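*Asks:* So the chains spell out like this:
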Amino acid sequence: MTTVSGFVPSDAEKHAAHTPPTGLRRYLFATNHKDIGTLYLCFAVMAGVIGSLLSIAIRAELMSPGMHVFPVLSAIMNGDGSDGAARNLYNVFFSAHALVMIFFMVMPAMMGGFGNWFVPLMIGAPDMAFPRLNNLSFWLLVASFCMLVTSMFVEGSPGMNGFGGGWVLYPPFSSTMGTPGPAGDFVILSLHLAGASSIVGAINFIATIFNMRAPGMTLFRMPLFVWSVLATAFLLLLALPVLAGALTMLLTDRNFHTSFFDPAGGGDPLLFQHLFWFFGHPEVYILILPGFGMISQIVSTFSRKPVFGYMGMVLAMLTICALGFVVWAHHMFITGIPLAEQEFFVITTMAIAVPTGVKVFSWIATMWGGSIAMRPPMLWALGFIFVFTVGGVTGVVLANAALDRELHDTYYVVAHFHYTMSLGAVFSIFAGFYYWFPKMTGYLYNERLAKLHFWLTFAGINIVFMPQHFLGFAGMPRRQVDYADAFTLWNFVSSIGAFIAGIGTLVFLYTLYEAFAAKRVAPANPWGEGATTLEWTLPSPPPFHQFETPPAIRFDGAGAAVAEGGH
Amino acid sequence: MTVTAHAADDHAGQAHHGETSRAPTAIAFGSMFLVPLTFGAAVMLASAGARAGVLGAPTQGEIGFQPVNSDNAADIVWFHDAFLLPVTIGVSALVFVLLAYVVVNFRERVHPTPSKTTHNWTLEVVWTILPALALVVIAFPSLQLLRKQMIVPTPDLVLKATASQWEWRYGYPKEVGGFQFDSLPKDDGDLDLAKGDLRLLTVDNAPVVPVGKVVEVDVTSLDVIHSFAVPSLGVRVDAIPGRLTQTWFKAEREGVFYGQCSNICGIGHAFMPIEIRVVGADDYQAWLVRAKKKQFASTGGVELAAASPTR
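Heads up: the protein sequence lines correspond to chains A and B, in order.
Read in order, the letters of the first sequence correspond to residues 1 to 567 in my numbering.
Read in order, the letters of the second sequence correspond to residues 568 to 878 in my numbering.
Be a bit skeptical, because a hint or two may be false.
Covered by chain B, per the in silico footprint, the following chain A stretches (three or more residues, Cβ under 8 Å) [what the hints assert, rightly or not]: (1) 84–96; (2) 195–206; (3) 305–316; (4) 330–341; (5) 361–372; (6) 396–410; (7) 483–495.
Hints were generated in silico from the structure; no laboratory data involved.
As the structure is a prediction and not an experimental result, all values here were calculated from the model.
For each residue, glycine too, the CB sits at the ideal point set by N, CA and C.
Please take these sequences and the hints and turn them into a complete structure.
*Replies:* Given below as structure tokens:
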């Protein structure tokens with residue numbers, strides 16, 4: 001293991017460290033990994049609430065056939081309640097819902113929030129390798145979000161505000177053909193900034209994990225959450241530049257009369273789809289891998305047992321990463337790509353089920369023979385394992401190009417990816433949040449409320465998405481503002497589920513408020529002997545700086561990490 | 568499920584070991600998964616049953632595929648119900664049962680001392696190899712069916728479907744008259760519900776094709792990307808400007824078959840349905856005569872060679 005003696009601070013720095021800056025200075029100029037993690041988490045909660053409101057508006061509209069909600073919303077937002085404006089606003093809402101949830105909720109919460117907070121703590125490092133880059137990474141994301149919100153209020157399609165082409169931004173709809181107005185440019189530049197932010201963050205994580213592990217914390221002693229962040233960082237680093245390239249080509253198509261994607265000039269709209277999904281498929285693993293890591297920590301903690309098959313878990317994650325880069329065209333089975341290409345992508349896509357299965361079975365094996373405490377994080381983790389399995393097996397169905405012929409772009413796909421994301425990724429985020437909340441804030445939350453939040457969310461969101469499988473079988477296309485009358489029943493049920501899940505979100509916000517108001521002081525380790533990673537050896541909340549001189553990490557008989565020396 | 572909740576109120580913050588009794592936990596845990604599993608089982612039962620009716624349209628409350636009206640659609644439904652539905656339901660149920668088992672049997676109250684097992688190579692190899700083998704079993708019929716869908720047999724009729732914001736235009740080849748016409752959804756006021764018209768699905772001018780004949784559909788777009796999809800015929804292919812994509816079907820029965828544009832294409836995305844009428848040979852000939860007489864925006868033939876096929 002490399003030594004990190006170069007990180008020993010001077011006396012002056014030590015003195016400065018004892019008085020953390022306050023107010024704007026502390027957060028606007030934040031370089032402390034925990035402060036930046038907190039900023040990310042607050043940002044993700046805010047974006048999550050906005051994204052949820054967008055989805056509730058969508059479900060309200062789809063509760064019954066015809067158009068009822070968006071004409072009113074459109075009249076309020078744009079002063080135009082006409083049918084055309086309302087339909088456009090619906091398209092803008094589902095596009096924004098996807099972008100907000102992916103780029104401004106799940107990614108900031110997992111990597112920016114939990115990654116920043118706990119990677120340095122878990123490896124015995126004083127901070128991230130590049131604290132100022134870390135600050136840049138966060139504030140770029142804020143700028144990016146502002147641009148996305150702005151796009152909703154400037155002209156997109158002629159005479160209408162916002163970009164309504166879906167998060168995939170397929171040209172020609174996203175080029176001047178479908179969206180001549182500046183809303184298209186705002187979305188593109190917003191994603192450029194979000195991409196830059198993530199690349200900067202990924203570099204930071206890779207440098208930190210490779211160089212700043214305390215002596216004794218070898219690569220294969222690292223907690224699985226750190227492994228998952230490392231794997232995700234590599235995915236980000238390799239995938240996002242491809243998105244940036246595609247977006248730049250789209251931008252020049254729109255503004256400088258190039259024709260990368262315009263058939264009239266010799267370009268090809270399918271080129272964009274290939275580039276987009278070369279980024280887009282690794283992106284879905286970016287959204288779920290840190291969740292895998294968190295679930296491993298939580299299942300192990302509350303079973304009071306080490307993770308089963310640690311090596312298999314690491315290899316499974318790395319396999320998923322590698323395969324993730326060679327499956328992209330399964331999003332394009334019906335674009336008319338050749339037979340041989342479809343056959344290749346069928347096989348690679350199905351192969352991903354194998355390492356994913358290894359992870360699910362290993363989580364269950366971790367619990368097997370354990371001593372399980374059903375605390376809120378564990379409840380969320382159990383829910384995660386089940387719903388992610390459901391989302392995973394419907395993924396195997398869709399991997400078959402022959403079947404995708406029937407289900408592509410129907411609600412079956414919507415149900416599939418919401419089971420992996422809206423249930424899977426989000427459940428892992430809540431599991432992680434309830435796991436680490438006492439550590440981050442120093443306060444205990446009300447576990448009864450946290451469990452109520454779980455049950456409302458679990459029931460609600462299953463009622464939202466399970467019937468959508470049926471709508472998909474019946475052939476209901478996604479992204480429709482109005483639907484044939486035969487789809488009414490399941491859409492109605494689905495909307496009821498959304499309202500239940502919405503109430504769950506209110507319970508979550510109240511749980512947060514209650515925890516801060518009640519100020520129940522958390523001990524260093526509220527979870528008992530199952531919590532074996534380094535963050536639980538520090539007080540709750542941890543000091544502003546920790547491990548300023550690197551400790552020696554030793555693992556006791558039960559596999560728990562112990563930091564010796566250092567401070 | 569209730570007692571452990573008090574742990575948070577414990578100001579000392581000691582790790583609190585739940586004293587919940589076993590039965591209510593099992594019930595609560597069971598109900599957590601009951602709803603999705605019930606739905607899933609219902610899908611299996613429903614889609615396994617035979618279906619009546621030749622109208623290719625969705626029906627209220629259905630939980631399986633639309634009635635099939637072509638060989639390819641029948642194969643798709645068979646492949647899903649025989650291979651993949653058992654896998655989806657089976658794997659979900661297996662994981663549920665295993666989760667329920669560990670939660671009931673390894674709760675800290677009944678199993679206070681955790682084991683120290685960290686790995687078991689045999690088990691790990693088995694749960695890697697077995698799913699891989701299962702996937703190989705799935706892959707064979709899957710790829711076979713894919714070939715059948717992708718390799719278009721010699722067509723009896725080539726129908727050209729051209730999408731634009733927000734309508735479909737159908738063109739017939741020179742040999743049968745070389746006419747083309749636009750197909751738009753009927754306005755709500757024009758719908759004849761007694762005759763079986765469906766809102767957002769029924770169109771003013773539907774293309775008519777002969778039953779039992781191979782119909783190749785060549786699809787393209789004039790502006791943004793759309794998608795040509797008719798679930799009951801088992802066809803779906805994107806309409807992409809600058810490209811000509813192909814799909815095909817052989818309708819088994821006469822009837823009316825509906826589909827909708829399946830790729831987001833702007834504010835009219837939900838309002839560009841596809842309706843295909845399948846009729847007997849005589850009716851088809853009679854329709855061709857009428858269609859030619861009606862002078863559907865005849866341009867003296869449809870240009871099918873405007874773009875090269877992607878296959």
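*Asks:* Are the hints correct? Go through all of them and say.
*Replies:* Against the structure, the hints:
1. 84–96: holds (count 4)
2. 195–206: violated (count 0)
3. 305–316: holds (count 8)
4. 330–341: Per the Cβ count (6), the hint holds.
5. 361–372: holds (count 10)
6. 396–410: holds (count 11)
7. 483–495: holds (count 8)
Against the hints set out earlier in the document, a violation occurs for number 2 only.
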